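Read off the chains here:
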Amino acid sequence: MIIETPTHYFLVSGASEGFTPLNAFDGALLSAGIGDTNLVKMSSIVPPRCQLISPVPLPPGALVPTAYASISSDISGEIISSAVAVALPKEPHYPGLIMEYSGRGTKVDIEETVRRMALEGMKLRMRETKDLISIAVEHKVQKVGATLAAVVLWDRDEIG
Amino acid sequence: MIIETPTHYFLVSGASEGFTPLNAFDGALLSAGIGDTNLVKMSSIVPPRCQLISPVPLPPGALVPTAYASISSDISGEIISSAVAVALPKEPHYPGLIMEYSGRGTKVDIEETVRRMALEGMKLRMRETKDLISIAVEHKVQKVGATLAAVVLWDRDEIG
Amino acid sequence: MIIETPTHYFLVSGASEGFTPLNAFDGALLSAGIGDTNLVKMSSIVPPRCQLISPVPLPPGALVPTAYASISSDISGEIISSAVAVALPKEPHYPGLIMEYSGRGTKVDIEETVRRMALEGMKLRMRETKDLISIAVEHKVQKVGATLAAVVLWDRDEIG
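Chains as they are written, first to last, in our numbering: chain L, 743 to 902; chain P, 743 to 902; chain V, 743 to 902.
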């Protein structure tokens, strides 16, 4: 295989102000605990039998396959939110589905949408959902703000 | 090498409606036969001597280097199309070039454009083109639709 | 680890006109010397003790983790620029930080901004900066132009 298939995953979220939108995004990564890694964005599947764990520290500079939603804004007072959801199938030999969503609006609204998105994706696959997990974060912009929600894929050898 | 260089590749395309633009994109991936994988987007070269194959099933959740074009729309009645083209050089020790293009318009128009883009890219490299292959798909949007065309890079160990 | 952590890195930049925005981007990659590779975009850390080298030829078609800024424009006469900066910490066991920035404007302005972005990111981490390096490029658009600045991560086995 070109790139190894991950065996573990965890969910994180964060928010930050910053000097520029990219700095705010960087701050959101730091506040989510994944700020000193190299995220490699991917679309958006939990491999079969991949195990949910609590967030673990990642080696600095590691290349980390991640499905994430993020948004930045420079409109003072605006509420921005990011969320990810993971729908896990009844049959453990099937993969799970990750959905990402960001937008203006509250954490509650954005999280509800991303959860529906994940359920819709499972319906399209005609797979029954056993568990639906999600994480979301909101931020009220002061000058330049960003939010991020992520599903980080990782492997067992890296977990102490 | 950080990531292994792929040895085989194949072309796919798909289209779908969905609950949101991301759901429609997810549906397009499923209709293209690569919906349960983790696409890692890359720019856009076929390694020398990389072999064209027919689409093969990918392991669920695998991380798959892919060059792709996609577009979504929520304008009812709009025609959207995605296409990819691969220009292969006369000299087999040179790499091939992938181009991606999406837009409003018919499959015929979008595919013609992407083929010209690939030929232009070869001209810029002053390499003669031996073969030019492409794939395209169009979709008439009902509520929220998406199209996708992709060149999937893969390796021989995964092919039965 | 899913993907190996790079041990070396180098900075490049380029600019080009092209048949379409993607062709101009492709031309900018070629002018930067990384045009026949598969860039895998990542966010944006130099692993601890990763060594700065002069640009080396990359194997054609290789999958190359890269942090980059790029911009394209079809407004004749417009000046567009791209820049990347790397801030390296005093303590060698900490990672360095990469920032990317593109926009309308001169190379001098865009490079100044990206350098401040990198310094701000180090401040946020409460790390002292030992070195700050950057690269930038500007281009005056004729018909369709693009600029690119990139930090390419690579590993020692590939360096002759």
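Calculated directly from the structure, the hints in this document are not laboratory data.
Every value quoted in this text rests on a predicted model; they were computed, and no experiment measured them.
Idealized CB from N, CA, C, for every residue including glycine.
Be aware that one or more of the hints could be misleading.
[To be verified] Computed cross-link-like contacts, EDC-like style, restricted to lysine to aspartate or glutamate with a CA-CA straight-line distance of at most 20 Å:
id: 1; chain 1: P; residue 1: 882; chain 2: P; residue 2: 862
id: 2; chain 1: P; residue 1: 885; chain 2: L; residue 2: 759
id: 3; chain 1: V; residue 1: 865; chain 2: L; residue 2: 759
id: 4; chain 1: L; residue 1: 783; chain 2: V; residue 2: 759
id: 5; chain 1: L; residue 1: 872; chain 2: L; residue 2: 820
id: 6; chain 1: V; residue 1: 783; chain 2: L; residue 2: 746
id: 7; chain 1: V; residue 1: 783; chain 2: P; residue 2: 759
id: 8; chain 1: L; residue 1: 865; chain 2: P; residue 2: 759
id: 9; chain 1: P; residue 1: 865; chain 2: V; residue 2: 746
id: 10; chain 1: L; residue 1: 783; chain 2: P; residue 2: 816
[Unchecked claim] A short, non-exhaustive set of chain L residues, derived as facing chain P with CB atoms under 7 Å:
id: 11; residue: 744
id: 12; residue: 745
id: 13; residue: 750
id: 14; residue: 772
id: 15; residue: 784
id: 16; residue: 790
id: 17; residue: 794
id: 18; residue: 831
id: 19; residue: 834
id: 20; residue: 837
id: 21; residue: 859
id: 22; residue: 862
id: 23; residue: 863
Keeping to a limit of 20 Å between CA atoms, is the pair of residue 783(L) and residue 816(P) held or broken? At roughly 25 Å apart (the allowed maximum being 20 Å), residue 816(P) and residue 783(L) break the hint.
Next pair to validate is residue 783(L) with residue 759(V); report whether the Cα-Cα distance is within 20 Å. violated (28 Å)
Restraint status (C-alpha distance of residue 865(P) to residue 746(V) at most 20 Å): Violated, at about 35 Å.
Does residue 772(L) pass the interface check with chain P, least Cβ-Cβ distance below 7 Å? Hint on residue 772(L): violated, closest Cβ of chain P at ~24 Å, above 7 Å.
Given residue 784(L) as an interface hint, is the shortest Cβ-Cβ distance to chain P below 7 Å? Holds, because the Cβ-Cβ distance from residue 784(L) to chain P comes to roughly 4 Å (cut-off 7 Å).
Could you check if residue 862(L) really has its C-beta closer than 7 Å to a C-beta on chain P? Holds, because the Cβ-Cβ distance from residue 862(L) to chain P comes to roughly 4 Å (cut-off 7 Å).
Is it true that the CA of residue 783(V) sits at most 20 Å from the CA of residue 746(L)? holds (18 Å)
For the pair supplied as a hint, residue 865(V) and residue 759(L), is the alpha-carbon distance within the 20 Å limit? holds (13 Å)
Go through the hint on residue 837(L) and say holds or violated, using the shortest Cβ distance to chain P against 7 Å. Holds, because the Cβ-Cβ distance from residue 837(L) to chain P comes to roughly 4 Å (cut-off 7 Å).
When the least beta-carbon distance from residue 859(L) to chain P is tested against 7 Å, hint result: Holds, because the Cβ-Cβ distance from residue 859(L) to chain P comes to roughly 6 Å (cut-off 7 Å).
Once the shortest beta carbon distance from residue 834(L) to chain P is found, is it less than 7 Å? violated (12 Å)
Given hint residue 863(L) near chain P, where the shortest CB pair must fall under 7 Å: Interface hint status for residue 863(L): holds (5 Å vs cutoff 7 Å).
Hints 1, 2, 4, 5, 7, 9, 10, 13, 14, 17, 18 and 19 from the earlier list are contradicted by this structure; the remaining hints agree with it.
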